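Trainee: One-letter residues, chain by chain:
There are 4 protein chains.
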Amino acid sequence: MAAISFFGDLLQTISERGRDLIGLGRGDLGARASAQELLKLCEDLISRRGEASGVALARLILDRYASLARPERADFLRMVATEFAADHEAVDEAIAAYRAAPSRAALGVLHDAAEPRSQELIRRLNLARDGTLALVRMREDLFGLRRALRDEEADPDVIDAADSLDSDFEHLFASWFNRGFLVLRPIDWTTPAHILEKIIRYEAVHAIADWDDLRRRIAPQDRRCFAFFHPALVDEPLIFVEVALTAGIAPAIAPILAHEREPLPAREATTAIFYSISNCQKGLAGVTFGNFLIKQVVEDLAREIPSLKTFVTLSPVPGFAAWLDRERRADAPQGLTREDVEALRLIDEPDWHADKAKAEIVRKAMIPAAAAYFLRAKNERGKPLDPVARFHLGNGARLERLNFLGDVSRKGLAQSRGLMVNYLYDLSAIEKNHETFANLGTVAASSAVSRELRNNLPPARAVALADA
Amino acid sequence: MAAISFFGDLLQTISERGRDLIGLGRGDLGARASAQELLKLCEDLISRRGEASGVALARLILDRYASLARPERADFLRMVATEFAADHEAVDEAIAAYRAAPSRAALGVLHDAAEPRSQELIRRLNLARDGTLALVRMREDLFGLRRALRDEEADPDVIDAADSLDSDFEHLFASWFNRGFLVLRPIDWTTPAHILEKIIRYEAVHAIADWDDLRRRIAPQDRRCFAFFHPALVDEPLIFVEVALTAGIAPAIAPILAHEREPLPAREATTAIFYSISNCQKGLAGVTFGNFLIKQVVEDLAREIPSLKTFVTLSPVPGFAAWLDRERRADAPQGLTREDVEALRLIDEPDWHADKAKAEIVRKAMIPAAAAYFLRAKNERGKPLDPVARFHLGNGARLERLNFLGDVSRKGLAQSRGLMVNYLYDLSAIEKNHETFANLGTVAASSAVSRELRNNLPPARAVALADA
Amino acid sequence: MAAISFFGDLLQTISERGRDLIGLGRGDLGARASAQELLKLCEDLISRRGEASGVALARLILDRYASLARPERADFLRMVATEFAADHEAVDEAIAAYRAAPSRAALGVLHDAAEPRSQELIRRLNLARDGTLALVRMREDLFGLRRALRDEEADPDVIDAADSLDSDFEHLFASWFNRGFLVLRPIDWTTPAHILEKIIRYEAVHAIADWDDLRRRIAPQDRRCFAFFHPALVDEPLIFVEVALTAGIAPAIAPILAHEREPLPAREATTAIFYSISNCQKGLAGVTFGNFLIKQVVEDLAREIPSLKTFVTLSPVPGFAAWLDRERRADAPQGLTREDVEALRLIDEPDWHADKAKAEIVRKAMIPAAAAYFLRAKNERGKPLDPVARFHLGNGARLERLNFLGDVSRKGLAQSRGLMVNYLYDLSAIEKNHETFANLGTVAASSAVSRELRNNLPPARAVALADA
Amino acid sequence: MAAISFFGDLLQTISERGRDLIGLGRGDLGARASAQELLKLCEDLISRRGEASGVALARLILDRYASLARPERADFLRMVATEFAADHEAVDEAIAAYRAAPSRAALGVLHDAAEPRSQELIRRLNLARDGTLALVRMREDLFGLRRALRDEEADPDVIDAADSLDSDFEHLFASWFNRGFLVLRPIDWTTPAHILEKIIRYEAVHAIADWDDLRRRIAPQDRRCFAFFHPALVDEPLIFVEVALTAGIAPAIAPILAHEREPLPAREATTAIFYSISNCQKGLAGVTFGNFLIKQVVEDLAREIPSLKTFVTLSPVPGFAAWLDRERRADAPQGLTREDVEALRLIDEPDWHADKAKAEIVRKAMIPAAAAYFLRAKNERGKPLDPVARFHLGNGARLERLNFLGDVSRKGLAQSRGLMVNYLYDLSAIEKNHETFANLGTVAASSAVSRELRNNLPPARAVALADA
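Protein chains in written order, with full-length UniProt numbering: chain Z, 1 to 468; chain H, 1 to 468; chain P, 1 to 468; chain F, 1 to 468.
Everything labelled a hint here was simulated from the structure, so no lab data went into it. Be aware that a few hints might be false.
[To be verified] As a list, the in silico DSS-like pairs of lysine-lysine whose alpha-carbon atoms are at most 30 Å apart:
id, chain 1, residue 1, chain 2, residue 2
1, P, K364, P, K198
2, P, K383, F, K282
3, H, K198, F, K432
4, F, K40, Z, K309
5, Z, K378, Z, K364
6, Z, K40, H, K432
7, F, K295, P, K40
8, F, K411, F, K356
9, P, K40, P, K198
10, P, K356, P, K383
11, H, K309, H, K358
12, Z, K198, P, K198
13, F, K378, F, K432
14, Z, K364, Z, K40
15, Z, K295, Z, K411
16, F, K198, F, K282
17, F, K432, P, K40
18, F, K383, P, K40
19, H, K295, Z, K40
20, Z, K432, H, K356
21, H, K309, P, K295
22, F, K40, P, K432
23, Z, K40, H, K378
24, Z, K356, Z, K282
25, P, K364, P, K378
26, Z, K432, Z, K411
27, Z, K295, Z, K364
28, F, K432, F, K383
29, P, K364, P, K282
30, Z, K364, Z, K282
31, P, K295, F, K309
32, H, K40, Z, K383
33, P, K282, P, K411
34, H, K295, Z, K295
35, P, K378, P, K432
36, H, K198, H, K282
37, Z, K411, Z, K356
[Unchecked claim] Stretch by stretch, here's where chain P covers chain F in the computed footprint (C-beta under 8 Å, at least three residues):
id, segment
38, 178-187
39, 197-209
40, 233-240
Just so it is clear, the structure is predicted and the values come from calculations on it, not from any experiment. By construction, the Cβ of each residue, glycine as well, lies at the ideal position given by its N, Cα and C atoms.
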């Protein structure tokens, strides 16, 4: 720890040298650099010859950015977006040169000229110690700016510029956070507390109430949790998945999260249930992790516990309630018969799910409706409406089971009328499923699910809906 | 270790699935895929929708590439270079669209269109486990191909294509191996043997004879060694520096490498001598490491050993002998007087350096010549002729001392007539030195060095010489 | 984790082999071995020639012991205590031989003969994997047995035997847990949760309410915690100390444990306050850890934070309230004047400490009384009555300050009338203080404390009191 | 590393304080403390009340001991041996008290009184940092003293005292280095160099020539090495074993150590050959490690490589050549027929083993002789003459094969006429083999070995020979 505080000193010294160089005194920092001043430093940073000399300056810019108030940050990002575009004159020249003599070299010049200067800026800021994390956080701020610009119906060119800046971040993050650099770590009760604290905070599917709740999810021998980390974001998980080891495919979430449970000896488990998967870093939106994580965990668990034969999720169906409501109101529903619509009136009654007789009536209508929701209801790109379905089917999983009343929590009933589903990860079928889904939009489904689809429905039609 | 061999099994299984999918049997692999077949797999890889599905395919391509014989590899790389260029039609369309309506989005499309497809191919190959190392090795092969193409005076377009492919590698490696992802590790006698074995192999300045020689360089308390590693190249050092802790600035290499030495207690050292710095991965040529390494080591040593006040190199002068020969033959030498030329005739005599009287005569001519070599002789870009000087001066170091007969080994006499120099790293002056060197070409030198420069030389002239 | 479960298998197999050998089937274990049977296995274990062959048998005995119900365990321990005594006949023979020819060898034979066989039994049980922890737990059971024997006024010889068995444990534990084998580890917010969970459980001075409370004690930069571990008890802390870094000697505990606090930058701290020290393993009672721990932490903190100049405890005074009550009731009090007794009547009133005027009156009497308690009140061995005082003074610390109303929690008022004290650890004085305390019983005290002692008290008298 | 040198400072300071306390200045240390002075410090150390206060003093004693010249060390050890005996008066009193009232407590007092004071001294010296290693080295010095005393035919009482002091060391080391505290570590090419350097140095069976030779033994996938470590001797291996994984039981050592070899894929191995096992610490002689090591390695390898079915040694037969010579000269040999004696004359010829015809004649006589050597020739305790045989058979292994010309190195021919043998470790038979060997002296041997025994030999007779 002495080392760390010394190191703090050292960095301070270097930053001060950096400041002196640029002609900014100490007091100035106390008074907070304006966004405008920061922009000047950024210009300085990308105009430097050697990248190496920019380390101190990059750190200074990131430190100052962190010290700005929210509105000033937004100002700064907006200016970066609009002013660090590509140089149009240079582009025109490069086009002319390329047209005159369309060589590989000329094309290279054109490619470079067409690159927004903001991309090089982001690259150079990443030279600073802990620069990557600071940039991830900066992109989170950018999300806020983009929302605000849309909300206030700002100049389309500014909106466009902000979107373009976001693409720069996404492009570079995809390169820096590529699969080869990710490290998988098991998360369990021997994991350091400051990591576990983040697991509690980032869990997005079934909230973790407190440390006791966390302990129940990671300490028993029939529970597992795995997270991806990146070497440049030392103590920050990127994504994690929670797994229950069971003796069969679980149809409901409550027994998995139950307080009092007799754990199953791991070696007796036959099935791994992936019941929660959460992305941790909003600033890394658009960078693919989940697919790699699930496949890696399937491989690792299969190796660790040879008795495991089945790998499935237990997933929410976040778009189902909204779709079902539209169907019930529709003149010509795509997935419901007239009788179904009738039966489903019961779900408007409070606590319908607790009444066995009512529930049975609903079940008979809802399960075929769910089959239609997954197999027939498509968005304008020909993919299923449900975002979770798109994720798992896109990974090459198969829709395995429809679980009526799988989640009767308030959230579960509101979002999906209690419905949960299992997606099956069969390593030997993943590639084929993925290909047919990606190319033809074909949904891989078990015969049990397919059988539920009613025969007497009208032909399927793509529904124009915004992607979730 | 059981885990590893199991894992090998698993990968094999997956690869086999991958192969089945693509319709290639086992025997086929045994018969070695031709470069042509491999190219088809590459086309398949970059045409896939989701990057995630390409992991197995990327691994397969890299495995097959590794199994190719050298000529087939060259074939493959040449085909990638020529056939994975940008799509010119798409470029033309993008140019037209951009001209019609020069929006940010249109420019983005143009930027994407102008990017060689080979760049995306390299990115996707990097998805494979251990893909990064395989790509670094592939670029080494590419160096060979480029040399061969030039040697055989191949079609300029092919040479151009190969150079362009190399730029793709360099661009992506610069992004993946940026400073923020590098990890500094001390190398000492407690370092694992398989790492030390590579230190022995990669040492490029003063060769390490055997394990005993290595031990003398890293085990004593007045010796240090540090290397950069990257998380994706687990056991491969990228660059390392060897340091001697001394009681003053060392003018010669022999005492540092001596077999019998009484080590100095580390806490009594005042000076750290960086006497050898070696890049380890040819495939990462062009990616900056040395600058960051030296500065980091200066910081770490200053923290560890507070008595250290001076940080200098003890460096070879690889271009000096050749320059001196040219000067001596020149009609109008830039750095020698007529008397100097006369005096320097002695160095054509064998073992001149071992004769005190001769050596003294040579010294009086050679030291001023060396001052001229560093301070006046410039290449066409206005930078010093000496590549090592350009490196350290570009880092912001100062030329501190000229050491006559600092290296009397055969190599030292041949390359630099025995001359060695010290470059001083003074953290408080680094930024300023760097800026003035980068912008004005000014060589930072101690007054001791400057004083050696003769007054009666003709005006300096840039010498057109290929950069080293 | 696969490894672990496999390993479980393996151990089971070995144990089964062990069982087969000894002629005990599986069913038998299910039906629980009686204490009598276990004793037979113990006889078998210590009668073996080579210690090596006993590993499986030792494991079997410890497993069976763990499966016994509490009364059976007590039976077993009582039998071990009484039946694994030294062999009196052998002792008599050895005495005779020694008297006849009092050689070193004869004395060695006598020494061996006089050793209880239970000592060898414990040594051999320690061969088993995780045997040490099992033996520590076994000694905890033995404490229960010894209490029960005393409570039921059992046969003195049996009580004697149980005490002797306890001495065997203590003797061996002192050897196995000697200072050289202990490992100091910082405990902070990056420590694995399963260790932190034990810190919460074992804290014995100021209870830790929950994980948030724990976080406040170990995460801020001005808080530290250190624990000793032993390699054979992997995840079990032996003892730990909590430290607050402050700008001066803290007189009260409440500000240290406060929920809302602005942490002090560690480098600004001048004082380290050891405010809680807890032994974790009851079964290791009698083995010295605290002294080593404090001295090591003082050394480590002094190294880490050079600004630290003062190392003090903030300690409870557990015997003070009881002593003060006796004094107040005494005909001839040793530490109170008549006026003091009068003033101290106020402490019988509820909430006296919250009333400034009352508190001030009490203070004037209580502080001199406290000085007398520490400096004059001695037990029959000539040492201070207070057990915490004996510990710190025995370590060589000095009584530095008396803090009136330092702990106004319910426990603090009940135990010590709110009094807390600081013991100062001055490395340069520790040895001398220790020696004079150990040899002469002299209490090292600051002049501030000494001055508080009233002049007009009667001569000091040793008070016969059981040691706490 | 800064930490370490600082720490050195600190320790020095503490030691200086320790010295001041004891009244010894610095210069004194420079002049080397005499053995006599050191003895006084030892008296001081064991007379202290609390063990805690002795840490600095213990360190001081060990440092001074290390600074003594060899003869002074011997003086010191002799004085400790003779003067730190038990107090005979106290023993007599304790005997009297025990006789008067033979209680458990009285026996405890007697036991304590009969313990040599040197044992407590060793325990207290072990309090010092790195004390354990210093004590192990001290015992090595003691071996030298004991040899010297015997060589010079010293006073038997002094010899006796030195032997007794050695028993104290052994007793305490056996307790401190018990199985539960040992840590098994694989040794391979990723092991730190300073550990590997010790493996090279400590190899005692088949010498390791250099680092390349070491690499051949630990780096290939069909080679393994494992060592035991103890937490208090951080970087010092205690014992290690070298293992070759093969496709069958190896009859000779040369192919295993060959320079050019095609390694076997680990997963194809069926047999693990333990071809070298070396104790590293002379000072730990008499403490059992080898048995535990082999069994643990058998377990670990069986788990790691399921294809392994057979675990055997390839062992030298160090006593064979000497026994065979005696037999050949004997009037009535126990293991040779007259024809055997005749045939064995050939082994007196140089290079007999390289002549196929001669070798075949020798083989027919030598193999039955070897069978007799192992199965019939016994020492006065009824155990085999061969020390390696006693070790492995005592561990419960079985004599599996006799390998004629298994080791034709100079050492192999001299020591055992080229003979090597395999001992088989079959976990399911180990306990039974051990028991029958320990209790009845029965040698477990394969039928292949037993069959070699000639029928027409005279009855077996115990041969009185010193144990090796």
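Trainee: Does P/K40 lie within 30 Å of F/K432 when you go C-alpha to C-alpha?
Mentor: Within the cut-off at roughly 19 Å; holds.
Trainee: Can the restraint linking Z/K378 and Z/K364 be considered satisfied, given a maximum Cα separation of 30 Å?
Mentor: holds, 23 Å
Trainee: For a C-alpha distance cap of 30 Å, please report whether H/K309 and P/K295 respect it.
Mentor: Since the Cα atoms of H/K309 and P/K295 sit roughly 34 Å apart, the hinted pair is violated (cutoff 30 Å).
Trainee: Holds or violated: are the alpha carbons of F/K432 and F/K383 at most 30 Å from each other?
Mentor: holds, 17 Å
Trainee: Quick one, are Z/K432 and H/K356 close enough, alpha carbons at most 30 Å?
Mentor: violated, 80 Å
Trainee: Does P/K295 pair with F/K309 here, judged by a C-alpha cut-off of 30 Å?
Mentor: Roughly 53 Å between the alpha carbons, so the hint for P/K295 and F/K309 is violated.
Trainee: Taking only the CA atoms, is the gap from Z/K411 to Z/K356 under or equal to 30 Å?
Mentor: Holds: Z/K411 and Z/K356 sit about 21 Å apart, inside 30 Å.
Trainee: Does H/K432 sit within 30 Å of Z/K40, going by the straight-line distance between their CA atoms?
Mentor: The given pair, whose Cα atoms are some 19 Å apart, holds under the 30 Å limit.
Trainee: Can you confirm whether the C-alpha distance between F/K198 and F/K282 stays at or below 30 Å?
Mentor: The hint holds at about 14 Å.
Trainee: Compare the distance between the alpha carbons of Z/K40 and H/K378 with 30 Å, and conclude whether the hinted pair is satisfied.
Mentor: Outside the cut-off at roughly 33 Å; violated.
Trainee: For the pair supplied as a hint, H/K309 and H/K358, is the alpha-carbon distance within the 30 Å limit?
Mentor: violated, 36 Å
Trainee: Below or equal to 30 Å on CA atoms is what counts here, so check Z/K364 against Z/K282.
Mentor: violated, 40 Å
Consistency with the previously given hints fails for numbers 1, 2, 3, 4, 9, 10, 11, 14, 20, 21, 23, 24, 26, 27, 29, 30, 31, 34, 39, 40, ordered from lowest to highest.
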